[in-house]
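Can you build the whole structure from these sequences, using the hints too?
There are 2 protein chains.
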Amino acid sequence: MVRRKTSELIVRQRQPDNREGLPTIFNAPMTPTEWFFVRNHFDVPDLDAQSWSLRVEGAVDRSHCWGLDDLRSFDQQTVVATLECAGNSRARLGDRASGVPWQQGAIGTAAWSGVPLTQLLDEIDIDDNVEELVFVGADRGRLETADGGSVQTPYARSLPVEKALSDDVMVATGMNGEALIPDHGYPARLVVPGWYGMASVKWLVRIVAITGRFQGYFQTEDYATWEYDDDLAVRRPLSSIAVKSHIGSPIDGQRLAAGQTVTIEGFAWGGEGNIEAVEVSVDGGDTYNDADLIDSPHRHGWQRWSYTWAVPKNPGETTLLSRARTDKGEVQPADHDWRKGAYAVNMIRPVDVVIKPSE
Amino acid sequence: MVRRKTSELIVRQRQPDNREGLPTIFNAPMTPTEWFFVRNHFDVPDLDAQSWSLRVEGAVDRSHCWGLDDLRSFDQQTVVATLECAGNSRARLGDRASGVPWQQGAIGTAAWSGVPLTQLLDEIDIDDNVEELVFVGADRGRLETADGGSVQTPYARSLPVEKALSDDVMVATGMNGEALIPDHGYPARLVVPGWYGMASVKWLVRIVAITGRFQGYFQTEDYATWEYDDDLAVRRPLSSIAVKSHIGSPIDGQRLAAGQTVTIEGFAWGGEGNIEAVEVSVDGGDTYNDADLIDSPHRHGWQRWSYTWAVPKNPGETTLLSRARTDKGEVQPADHDWRKGAYAVNMIRPVDVVIKPSE
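Each protein sequence line maps, in turn, to chains A and B. Numbering-wise, the numbering used here puts 192 at position 192 of the first sequence, and it's gapless, one number per residue. Numbering-wise, the numbering used here puts 97 at position 97 of the second sequence, and it's gapless, one number per residue.
One should not assume that every hint holds.
Where chains are identical, the list cannot tell them apart; a pair therefore holds if satisfied intra-copy or between any two copies.
[To be verified] Okay, derived cross-link-like pairs now, SDA-like style, lysine to any residue, Cα gap no bigger than 25 Å in a straight line:
#1 LYS163 - GLY141
#2 LYS313 - SER239
#3 LYS356 - ASP17
#4 LYS328 - GLY316
#5 LYS328 - VAL354
#6 LYS340 - LEU121
#7 LYS163 - ALA28
#8 LYS340 - ALA146
#9 LYS356 - GLU162
#10 LYS163 - GLU131
#11 LYS328 - VAL56
#12 LYS356 - PRO333
#13 LYS340 - GLY99
#14 LYS340 - SER306
#15 LYS163 - VAL130
#16 LYS328 - ILE348
#17 LYS313 - PRO16
#18 LYS163 - GLN152
Hints listed in this document are in silico derivations from the structure and should not be mistaken for laboratory results. Computed from a predicted model, the values in this text were never measured in an experiment.
Right under this line is the structure:
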């Protein structure tokens, strides 16, 4: 069993244990494990590495099993990926939003190492008519449902087969150069770069091949949004992270000296899209100017950006804003779209600063 | 426009208009239109027969349209079918159940006339990979969603293609020998015998052929239940009516003379199954005896039954119960299964009677 590290996180819910990162995570390209948000739906399962196994079953020629040693026999890869909880920033929506009241910190960027899922699945003869793979965690429990009832279920999420077979989806056993800790899925978890964290099933023990679309709790009642097919409202599981940016510095309420030069900086991320531009406003949104995009070696990691601001000579107050855009044309919106419920909260976030007389 | 008839119903919700039948509906094999429960999700749309049309679109070779005169050019059929609202008897669940608080009367049996859907669809070249047909009503509006948001949508429900093409599904223009009234879908509605009423889309104006499974509001958030695929809780649209029976006579609280002979009678219905047996208990459920099944000429209409009871000679109180079983082996349960939320409430219903001294 891996030793549990000291954690530097803000508790948002005690039962189950849910904690988010401090604002300082937005000042570093990589998020240390002890600063990385923890999202649990049930108690953390106490899994033993020796007896752990990952089984593939369902619509396959024959079911198949790997232990941890089996995983180590495959070529290993390391992918730097930003994971964001689908409910991150929900607290900005106020009382109308139900769920864990995340501020900004249910996000982090780590180096994940393990085996590409496609390598594992090469060993399996999956039926031609399979549409989805369901990934099942060892965590389970009872949940109250919106209709007044309750269900007992493990945590489970599906991926369309095409997505599951894409290069970047992996079964990870390591995080930031060490073995996963229990909070992050020890001994093995799925990592689905570009998708909200709910897809990256922790404590992965089972993969079920199915011929239809999975209708599990965590993609119908939870982690789903309303969209429109023509005029028909339809429920869809959440998938790719919506484009978003965050000003790491200055911080809200910071006092800046009039007439000085200040670097406004932060990160932007866009799920399956790549960040094409980040614009910054220093006048509360009246005008925007392009920020500089800095070193971006990781396809699935967040994009660092900065903007050099000549602070006005007159004291007063102003609001800083950042707005990101992806190469798929997605732009951060000004307001929340309630068809998404209390998920995918990516509207532009204001940072109010005070311009103080220069000394 | 058809004249609106006087209605003999109990109001359960005013906006939208929802009314249920009086207990006397359980004393007659057929439910007169003015005694037939009314279930609306939005305001009743004001449709004009001349301009009404039903359009088929989506994954079809080319879209197709029929007016009312076109429908009349097909062979007409009349089917006696029992429609029950999926939320009928919900009031028995107490405060935990949300939704319209139906007592027992959101059910009725009528003669529906119109065109078998399969005849209409014979005119359409539907793509081979179509899985479902979505039936869309002209009624529409905004709905609050469980996740704190809201959606604007018409009423819409889907059927798997195989079900839609079964003989008994029809586009009805008549009810009990007259044109449909607005409350029941004028000028045309779907009727899906054996399924809960939500499938029988009123004010039908559009059929959309789709290659996947429809995830509309009325089959994910509403009118859906939790089931288990192995240990995985999954959301499924409601479909076939669950087996159920109702004692029409005697009624709750009725006083019966000791030593006399009383006929206990009522109806039983079982969705896509046929009623194979109805058992009656006159001792609060300690023992059950077979009731007689009476004339059942209608495959999709409810089954009348009766049981001759020699009332005990000693005064006191007792509880009468009826329990139905279908030829598919479904038996009415003693308790509600909350995986079904506040739907498909079909547990055995007690009728308490008083045995008074004979005069």
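Right, here's what the structure says about each hint:
{"no.": "1", "hint": "LYS163 - GLY141", "in the structure": "neither (28 Å within a copy, 35 Å between copies)"}
{"no.": "2", "hint": "LYS313 - SER239", "in the structure": "neither (46 Å within a copy, 69 Å between copies)"}
{"no.": "3", "hint": "LYS356 - ASP17", "in the structure": "neither (42 Å within a copy, 61 Å between copies)"}
{"no.": "4", "hint": "LYS328 - GLY316", "in the structure": "neither (38 Å within a copy, 77 Å between copies)"}
{"no.": "5", "hint": "LYS328 - VAL354", "in the structure": "neither (36 Å within a copy, 74 Å between copies)"}
{"no.": "6", "hint": "LYS340 - LEU121", "in the structure": "neither (33 Å within a copy, 36 Å between copies)"}
{"no.": "7", "hint": "LYS163 - ALA28", "in the structure": "neither (30 Å within a copy, 57 Å between copies)"}
{"no.": "8", "hint": "LYS340 - ALA146", "in the structure": "both (17 Å within a copy, 11 Å between copies)"}
{"no.": "9", "hint": "LYS356 - GLU162", "in the structure": "neither (55 Å within a copy, 73 Å between copies)"}
{"no.": "10", "hint": "LYS163 - GLU131", "in the structure": "both (10 Å within a copy, 22 Å between copies)"}
{"no.": "11", "hint": "LYS328 - VAL56", "in the structure": "neither (34 Å within a copy, 33 Å between copies)"}
{"no.": "12", "hint": "LYS356 - PRO333", "in the structure": "neither (31 Å within a copy, 73 Å between copies)"}
{"no.": "13", "hint": "LYS340 - GLY99", "in the structure": "both (13 Å within a copy, 23 Å between copies)"}
{"no.": "14", "hint": "LYS340 - SER306", "in the structure": "neither (30 Å within a copy, 53 Å between copies)"}
{"no.": "15", "hint": "LYS163 - VAL130", "in the structure": "both (13 Å within a copy, 23 Å between copies)"}
{"no.": "16", "hint": "LYS328 - ILE348", "in the structure": "within (18 Å within a copy, 57 Å between copies)"}
{"no.": "17", "hint": "LYS313 - PRO16", "in the structure": "neither (50 Å within a copy, 60 Å between copies)"}
{"no.": "18", "hint": "LYS163 - GLN152", "in the structure": "neither (28 Å within a copy, 31 Å between copies)"}
Of the hints listed earlier, those the structure fails to meet are numbers 1, 2, 3, 4, 5, 6, 7, 9, 11, 12, 14, 17 and 18, in rising order.
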